[in-house]
Each structure stands twice: as C-alpha cells, then as structure tokens.
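Colleague: One-letter residues, chain by chain:
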Amino acid sequence: MSLTFQFTKAQTFSLVLLRILIGWHFLYEGVIKVYSPSWSAKGYLLSATYMESFFQWLASESMISIVDTLNIGALLLIGFGLIIGFKTKWAIILGIGLLILYYLAHPPFPGYPQGPSEGSYWIVNKNLIEAAALLVLYMFPTETSFGLARLFSKSQPETPNP
Amino acid sequence: MATDKKLFKGLSRRDLLKTLGGIPLFGVIWSAGANFSAKAKRERNLLLETLNIKASAPPASGPLSGEPLRVGLIGFGIRGEQLMRSLGFATNEWLEQMAKSSAENPNDKRLEDFKAQENLNVKLTAICDIFDAQAEKALASFNSNGNTCKRYRTHLDLINSGEVDAVIIATPDHWHAPMAIDAINAGLHVYLEKPMTHTIQETYDLRDVCRKNPNIKLAVGHQHRQTQSFLTAQDAIAKNTLGHVSLVVTTTNRNDDNGAWQYDIHPDASTDTIDWDAFLGTAPKIPFNAEHFFRWRKWWAYGSGLSGDLLTHDYDRINCVLKMGIPKYITASGGIYTHRDGRNVPDVMQINMDFPDFSTGTSQEPGKEKGMTLVYSATLGNQFERGTLLMGHDATMELGNMLTIHADPRSTKYAELIKENKIDPMVPIYQYDPSANGVDAVTSATAKYFANKGLLWTYRDGKRVDSTFLHIREWMSCIRNGGEPSCGINEGFEEAIAAHMGGLSYKIGRRIEWDHENEKIIALPGEDLDAILLNNDIT
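Chains D and P are the protein sequences, given in the same order. Under numbering that gives the first Met the number 0, the first residue of the first sequence carries the number 0, and numbering increases by one thereafter. Under numbering that gives the first Met the number 0, the first residue of the second sequence carries the number 0, and numbering increases by one thereafter.
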C-alpha cells in the first residue's frame, strides 16, 4: 500500500508508540510462557463458550502441545516484529488472527457466561480493541520510520514519509 | 556481506537509532520477563521445599489373573446397578439410554468410559433381589457374552448355592450385617455397602465373625478411600503443614428429590411381585407399603438417615486422612425441616464429634494445643457447596477433588514468610491437582476458576475411572493376592459406631460418650441403646 499523504512527526510518533506498546504486550506474554513450562492454553480452550467443538479439538491430547508451542512462538514473533520494526505486516496479520481466536473462545456476547475478568464487557472487550488497533497499524505502517525495515527501504526511492 | 556493509553506510547516528532502536527495547522486555519468571520460580521452589509435601496417588492394586472370580449380588436396586457397572455389567436398558444420550450430546462420555473400563476377570453368577421386575431385568441383561447368571429367591439360597466365591451386598441397611455374617460364615468374601451395620450390637457381631475368619476379605463401600489426593493429604498432615487442627468441617448439601431419597416407585410394585416379608426382616411388621420399599432410606426401621447414609462417607474420608478413630463425645441436633412427607429420619442434621485427646501436631509451645472437633453439617434443603475444611493454627486444607492449602495470616510457623511477603495468605501455598502433571505452590484466580469447574481434570492413564470401580478392584486384588482392603472391618467398625452415636444423640438429645478402654458406648442404667436407635416413634 502506498500512502499519498505525509504524517506529521507527532502522528508518526503516536503510531510508532502504539506499535511498540502492542509489541511489548505480545512479547511479554510470550516470554512469561516460555519460562513457565507448566503453562498451557488447555483450560482456556476447554472452557470455550463459543465454537466449543473447535476449541475442544485444539485442547485435545494430540493437539494441545502443538497449539501451545505455536501460540508461544506466535506471541514472540509478533512481539519481535512490532518492536524491532521488521515484517510488521506479517506480524500484524498473525496478531489479529490470534486475538480473534482468543476473542471467539470467550466472546462477551450478551447471554454468554463472562468467566473471570477484571472488567465489564458487552460485545467489545480488550482483545477486540487490540485487534482493531493492529488493523490501524496495518493501514498506517511505520516500520520504515522506526525499525529495521528502514535499512532495506534506504536503497529504494525516498518515501513521502519522513 | 558487502551489501550488508553498504546497508549501514551513510547512516547518521540518528538514522541508526531509528533503525535499530527496537533491539535494546526487545532485550529489556525479554530479560524482565525472564527475571520475573525466575524469581517466581525461586519463591515457589523455596515454598515447596519448605513444605516438602510428597504428592502421590494411592498404589495401584495387584493383578487379577487366574480363574474368573464368581460374584453374587444381593440387592439389585439403584446402588446395586451402579456397583454392577463398576464390576463390568450394565443392563441393556442403561446401555440403550447411554447410547442415545451420547448420540445427542457428544460430551457425554459415560458409555465410552464404561466400555474402556478394565475387565475385572469376574463372572456374575448369581443375583438375589426380592422384586421380580429388578431380578428379571438383571437376568435379561447378564446372561450374555459368556456369562451365566441365576436368580436366587433368598440371600441364604445364593450364599449356599456353591456358585459364588464372593458377594456384593447392596440392600437396605437393616440387612447389611445379617447377610454379611451369613456370607462370611459360609466362607465368602464380602463387599458391603455403607453404613456397615444398622445397630450397635451388629457392629460387634460382624467384627467377631471377621476376627474368627481372618482369611475372608471384607470391604466396606467407602469408595472415597480411592480419592487420588488422600495420600498427599496424609503427607501434608504428617509434615505438620497445618499445625494443630482444632476444627474439621464436613458438609452435605443437597436440594433435590433424589438427594432427599424420594426415589421413583415402580408401577409393578405389589405383593405379587415383591417378597414383602423378606424385605421387612427384623423390621417392625407392617402391611405392604411400596413407598417404604423404594424409599426405605427415609425410615429408621430400614435406614439410618443422614448419620448413617451420608455422615459415614464424610467421617470415613477424614478418618482415612487423620486416623483419629471413634470420637470421645458426640452431640447432634436437627429435624425434619425440608421434607415433611411422613419420613422419620431428619433432613437437616448437625453432628459434633469431639476428640479431646487428638492432635495433628503443633508449632507452638508444648501443651498449648490439644483436642479437635469434627462438625458434620448437613441439609437436604440447599445445595450451596460448602466443601470440607481441615482448620489448623498454621494453615487450612480444603479437601475436595483438588487439595488446596492456604496459610493462616496468624500462623506461627509461616510468620516470617508472611512478613517477608513470600506467602500471601490469600493465595494457596500448596495445591495438588491429581490430574495435572506436577504440583504448583501458587495458582492464578483463572486457573482456580477452571479447576473448580472440573475442566482441568484428566484421569488415570488418560482414562476416566470411577472410584467405586477402583474400590471394588482393590477388594478383588486382596482376595486374589492377599493384603487388606483400605476400608476393612476395623475402619468399618469405627464408621458404624460413630454413625450410631450420632443417631443416638439425635434421638436422646444428649451428649453420647464412647468408653475407649472398654470399647462401649456409655448407656445410662436401664437404657437399651439399640432399642432407642431403632425406635420409629422418635423422629
């Protein structure tokens, strides 16, 4: 996607900040799980209140270790991509996918059991908002302003972005 | 490499920061996560080392090889049917119902679990039920797959048939001891449902018979003994994790007709289909009464109410962990407050058992702590789950499917650790989930939520196994390989005496005392305790 308008410095700064904060969140969740060998998504999946058979299949004996490894790997990669500023579009797509899965397993739909949560939600919860924020980052990429991708963009003609 | 070098060429310091600035941030976040995890792990390990509780499941019972054991069943009612499934024999009706149920609901694994159950290498050769419909149902289902099952009209016919090596007794309470005694005298092994006996005298008689026949294996039906966490609980007590336990609270919480023993009355019930005199046995002679036959737990003449039916499970569960034996004193109260339907056993009952000389250990100066009360609190009019608590000076143990220990904020033993914030009294210091791979000292609110909903359970070798199956298997293994069942005559004796003391206190309205030395319940001059216990006029 090519952008035809220029961001102000403040706009770029805000977008980079959002990208780094979301990356921070993903990375830290991934790191904690890497260092907690007994962690598993099994409980979260088994207690799914929507699309139960799909999530219960993911939690089955044959699947759960693959699912856990993929989940941790994805969290780390997304965190890495967003913070370092490298292949951020792929990281964002992966991130939105993961968040939607988390959202669908325990959606705050009216009439659905809410389960343990620190707030009150109706249709919209933090997973959904974080996914929407990632969508914004997809539409307004900043990795060439702050990130490793800057290296590779130098050889190309200057983008309109500062 | 040449291109790489070219890549960085011409980059200003500002550009370099914009290009590589994320890398140190990545490093900082990673190491923060790693440090946090390492610290949490260190603290958890310190706590686990301090507590040093050994988490273990009960040992598996031995092999069941050799000739099939020939088993006879006396009493094919609700419990009898359950026991037969644990033995490997389900009725055609149940199989059909379960097949339908699992077709409608794929999460219903009852049929799958039954089919996956280990073969106990038994033949169900004989059945005795005095209601034709039940006996015929058994014969229609159990004469297949190479099994031959014959009906006997009386328990003595079955016992003396020469066709059985062992019997399972699942009759109303007033028949438990007489049938068990007849069976043991005939040389048969016995699995006897709880409560072990219906009267005080029978408790001594049955113990005498067992002592005279030491090779006979008697198991009392307290399948709780197979609970995975009980050895772990024993170890926690032995390591003085809780300090001095002064109060144990166990509860029964039910609020439905089935839980209040309002079972269905079969439409075919009549004097033509039921041997009414055989049912009555030693009970007062009354005309045929279908309600008494199917809902016998509601009357002292045949059952023992909450004290015999449900207290016995809870008492035995605690006795199996603490081994505190028969209480010195029992006081009971209660009444018929939720089901005023003609029954004469209470449906709300509180029983306090006192053990003034018992102690689980202490963390304070010697002599300060001694004695314990066990409260059994039961209602058939509310099902709020109150759980089972062992409350010590240093910690509280919650004993359920999972075993959870919370430190007490005023504990002597953990005072230092609490002060250093290494123990948070709101967070469990120990949790044993028999289904999990390992033990964990702390758990999140979320994990607890899932566990409490029963979602985190896995089962032995990945299979769900019911505890009654394990209990029967243990009995069979003792018969074949030797050893004593975990709930044998001595445990049954303690259970029965405690239950009868509870019933007596409720009926007499006074504190009942156990004379430990002479092994007698103390009666006032001229008092016939068994007559009081069986008295149907006192409700």
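In short, the hints are calculated from the structure, not lab data. Careful, some of the hints might be misleading.
[To be verified] As a list, the in silico EDC-like pairs of lysine to aspartate or glutamate whose alpha-carbon atoms are at most 20 Å apart:
#, chain 1, residue 1, chain 2, residue 2
1, P, Lys322, P, Glu518
2, P, Lys136, P, Glu48
3, P, Lys108, D, Glu60
4, P, Lys38, D, Glu28
The model shown is predicted, which means the values in this text are computed figures rather than measured ones.
Colleague: Run every hint past the structure and note whether it holds.
Modeller: Hint-by-hint comparison with the structure:
1. P:Lys322 x P:Glu518: Cα-Cα ~17 Å, so holds.
2. P:Lys136 x P:Glu48: violated (56 Å)
3. P:Lys108 x D:Glu60: holds (16 Å)
4. P:Lys38 x D:Glu28: holds (16 Å)
In terms of the numbered hints stated before, the structure departs from hint 2 and from no other.
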